[in-house]
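Enquirer: If you read the sequences in order, they're chains A and B. By UniProt numbering, the letter at position 42 of the first sequence is numbered 42, and the numbering carries on one by one without gaps. By UniProt numbering, the letter at position 161 of the second sequence is numbered 161, and the numbering carries on one by one without gaps.
Don't take every hint at face value.
[What the hints assert, rightly or not] Which stretches of chain B does chain A cover? Using the computed rule of at least three CB atoms under 8 Å from a CB of chain A, they are:
#: 1; segment: 11 to 17
#: 2; segment: 44 to 51
#: 3; segment: 115 to 123
[Claimed, not checked] With a straight-line cut-off of 25 Å between C-alpha atoms, the simulated SDA-like cross-links for lysine to any residue are:
#: 4; chain 1: B; residue 1: 33; chain 2: A; residue 2: 136
#: 5; chain 1: A; residue 1: 84; chain 2: A; residue 2: 21
#: 6; chain 1: A; residue 1: 109; chain 2: B; residue 2: 68
#: 7; chain 1: A; residue 1: 84; chain 2: A; residue 2: 176
#: 8; chain 1: A; residue 1: 84; chain 2: A; residue 2: 112
#: 9; chain 1: A; residue 1: 84; chain 2: A; residue 2: 188
#: 10; chain 1: A; residue 1: 224; chain 2: A; residue 2: 249
#: 11; chain 1: A; residue 1: 113; chain 2: B; residue 2: 113
#: 12; chain 1: A; residue 1: 113; chain 2: A; residue 2: 188
#: 13; chain 1: A; residue 1: 224; chain 2: B; residue 2: 82
#: 14; chain 1: A; residue 1: 84; chain 2: A; residue 2: 224
#: 15; chain 1: A; residue 1: 224; chain 2: B; residue 2: 169
#: 16; chain 1: A; residue 1: 63; chain 2: A; residue 2: 187
#: 17; chain 1: A; residue 1: 63; chain 2: B; residue 2: 82
#: 18; chain 1: A; residue 1: 84; chain 2: B; residue 2: 166
#: 19; chain 1: B; residue 1: 65; chain 2: A; residue 2: 112
It should be emphasised that the hints constitute simulated quantities derived from the structure, not laboratory data. Where is the CB? At the ideal position from N, CA and C, for every residue including glycine.
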Amino acid sequence: MKHGRISYNGAVHQVTEDSGRVRLADGRLLQEGDFQWLPPVEVGTVFALGLNYADHARELAFKAPEVPLVFLKGPNTITGHNAKTRRPADATYMHYECELAVVIGKTGKNVAKADAMDIVAGYTVANDYAIRDYLENYYRPNLRVKNRDACTPLGPWLVDAADLPNPGALKLSTRVNGKTTQEGTTADMIFDIPTLIEYLSSFMTLNPGDVILTGTPEGLADVKPGDVIETEVENICCLVNTIVDDQTWFAPV
Amino acid sequence: MINAFPRGTVYGVILNDAVSVHRIGSLEEAPYKGAPQAPVLYLKPANTRCACAATTTVNLPPAAKTVEVAATVGLVIGCAAARLQADQALAHVAGLVLAADLSLPHASYYRPAIREKCFDGSLPLSEVKPLVDIAGLILVTEIDGAVVDRRPLDDLIRPPAQLLADVSEWMTLNAGDVLLVGVRYQAPQAGIGSTVRISAEGLGSLHFTIAEGVAA
Chain A
1 MKHGRISYNG AVHQVTEDSG RVRLADGRLL QEGDFQWLPP VEVGTVFALG
51 LNYADHAREL AFKAPEVPLV FLKGPNTITG HNAKTRRPAD ATYMHYECEL
101 AVVIGKTGKN VAKADAMDIV AGYTVANDYA IRDYLENYYR PNLRVKNRDA
151 CTPLGPWLVD AADLPNPGAL KLSTRVNGKT TQEGTTADMI FDIPTLIEYL
201 SSFMTLNPGD VILTGTPEGL ADVKPGDVIE TEVENICCLV NTIVDDQTWF
251 APV
Chain B
1 MINAFPRGTV YGVILNDAVS VHRIGSLEEA PYKGAPQAPV LYLKPANTRC
51 ACAATTTVNL PPAAKTVEVA ATVGLVIGCA AARLQADQAL AHVAGLVLAA
101 DLSLPHASYY RPAIREKCFD GSLPLSEVKP LVDIAGLILV TEIDGAVVDR
151 RPLDDLIRPP AQLLADVSEW MTLNAGDVLL VGVRYQAPQA GIGSTVRISA
201 EGLGSLHFTI AEGVAA
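Please build the complete structure, drawing on both the sequences and the hints.
Expert: Below is the structure:
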């Protein structure tokens, strides 16, 4: 089943997918446009992986890491499907990153690889934007690059783990204004999902609602105000986001 | 209003005091290739939160033998803070917490130190106390009863108001979030079995014991 969260009629609702439409718990079906998408989970700790696809590491002129390169994100940066993301006026290189997002469903500490998939609730899609102008070589990628408000769209659907038996062989793709710019497969991850769960849970407790953004393959491109970015993971969902400039972002209503 | 213990997201900053900047030395060479321009933040996630009681024990990750104990204070945000001007910033602060930011020793600040800084229980925190001018505070760290560090908070490169202004330029801090004002580069280390006490006049104290990791 696919689960979502929306804001509708003055309240937050948990919804499910019904033949491509959005179904409220009481059975009402909604049209796109009648509601606003929220991230499909209220996130706990959000982990993100850097350089977790060998082709992407090469693209950035890094050799693949020997241990997972993990960084963290705060709730301020998470936003929903069909949201707008700001490109600051002084940015010269802002790129998307299409990622498979793993949502944790059970508490886990010292979880062995063989048991790791048992604590996964499901999967969704993330777009982990970066603005490279702000990169500095301290705790890199630093929070000014990766933890900006509304710079990490997530959703729209959370697919139950049971419905996606092989998350390690899914196509990822990004389209900018309809043109495909990034293609890859989760089969090319350096550290796969069980390895990441074993690693993280070896020193910290994972909790329901924690999210692991598993990294992105090669195919980065600069995005400009007005661009519509679609990040899609096969059999999960397609996440849409629009880039806006400062004038639009800060425009008085 | 604010809970007795903050419930939001905890962020911290490095290289925000004169002693640390002096200690780390030249930043011109690789990997840093220049001093940082913006505040360099890290995040202490929910699993690190540890409300300190007299009997609190912090278990290190497996194989770790020592831990850096960085005494600091956190600004507890009282209302949503975004794009603040420094002269208005402190109006968004509801209070202070005393914090012991624990890290496995790491000399390099190049890559995010998640294993080193985010293990369970690595952030003993006090209850929220009233806001005071932190330039007048001295943080005292005792390990096994001996004072190992006295840290005055009068040498911050970005004092609280400026730090809030610079950080909120790119991210919103919400009510209940905490911004730690800085940790010493290579803070004093405590070993397994040590008892630690952090204190500052007016902010009370934190006590905890360091223990070894529990195997799976």
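Enquirer: It remains to establish, for every hint, whether it holds in the given structure.
Expert: Verification of the supplied hints:
1. Evaluation of the coverage hint for the segment 11 to 17 of chain B: fulfilled, as 3 residues show C-beta separations to chain A shorter than 8 Å, against a requirement of three.
2. Using a Cβ-Cβ cut-off of 8 Å, 4 residues of the segment 44 to 51 of chain B lie near chain A, which meets the minimum of three, so the contact claim holds.
3. Using a Cβ-Cβ cut-off of 8 Å, 4 residues of the segment 115 to 123 of chain B lie near chain A, which meets the minimum of three, so the contact claim holds.
4. For the suggested pair residue 33 of chain B and residue 136 of chain A, the alpha carbons sit about 9 Å apart, so the restraint of at most 25 Å is met.
5. Only pairs whose Cα atoms come within 25 Å are accepted, and residue 84 of chain A paired with residue 21 of chain A is accepted, the gap being roughly 22 Å.
6. Distance hint between residue 109 of chain A and residue 68 of chain B is fulfilled; the C-alpha atoms sit about 23 Å from each other, no more than 25 Å.
7. Note on residue 84 of chain A and residue 176 of chain A: the hinted pairing holds, with a Cα-Cα distance of about 14 Å set against a maximum of 25 Å.
8. Proximity of residue 84 of chain A to residue 112 of chain A is assessed by CA-CA distance (about 39 Å); at most 25 Å being required, the pair is judged violated.
9. Of the supplied pair hints, the one linking residue 84 of chain A and residue 188 of chain A is violated, its CA atoms being roughly 30 Å apart against a limit of 25 Å.
10. Using a Cα cut-off of 25 Å, the hinted pair residue 224 of chain A and residue 249 of chain A holds, with the two alpha carbons roughly 14 Å apart.
11. A C-alpha spacing of about 22 Å is found between residue 113 of chain A and residue 113 of chain B, which places the hinted pair at or below 25 Å, so the restraint holds.
12. For the given pair, residue 113 of chain A sits about 18 Å from residue 188 of chain A by alpha-carbon distance, which is consistent with the 25 Å threshold.
13. Taken as a hint, the residue 224 of chain A and residue 82 of chain B pair is honoured in the structure, with Cα atoms around 24 Å apart against an allowance of 25 Å.
14. Restraint check for residue 84 of chain A and residue 224 of chain A: the C-alpha separation of about 12 Å stays at or below 25 Å, so the hint holds.
15. Taken as a hint, the residue 224 of chain A and residue 169 of chain B pair is honoured in the structure, with Cα atoms around 21 Å apart against an allowance of 25 Å.
16. At most 25 Å may separate the alpha-carbon atoms for a hinted pair to count; residue 63 of chain A and residue 187 of chain A meet this at roughly 19 Å.
17. Restraint check: the Cα-Cα separation between residue 63 of chain A and residue 82 of chain B comes to about 37 Å, which exceeds 25 Å; the hinted pair is violated.
18. Simply put, residue 84 of chain A and residue 166 of chain B have alpha-carbon atoms about 23 Å apart, close enough for the 25 Å limit, and the pair holds.
19. A distance of roughly 23 Å separates the Cα atoms of residue 65 of chain B and residue 112 of chain A; the hinted pair therefore holds under the 25 Å criterion.
The structure fails hints 8, 9, 17 (numbered hints given earlier, in ascending order).
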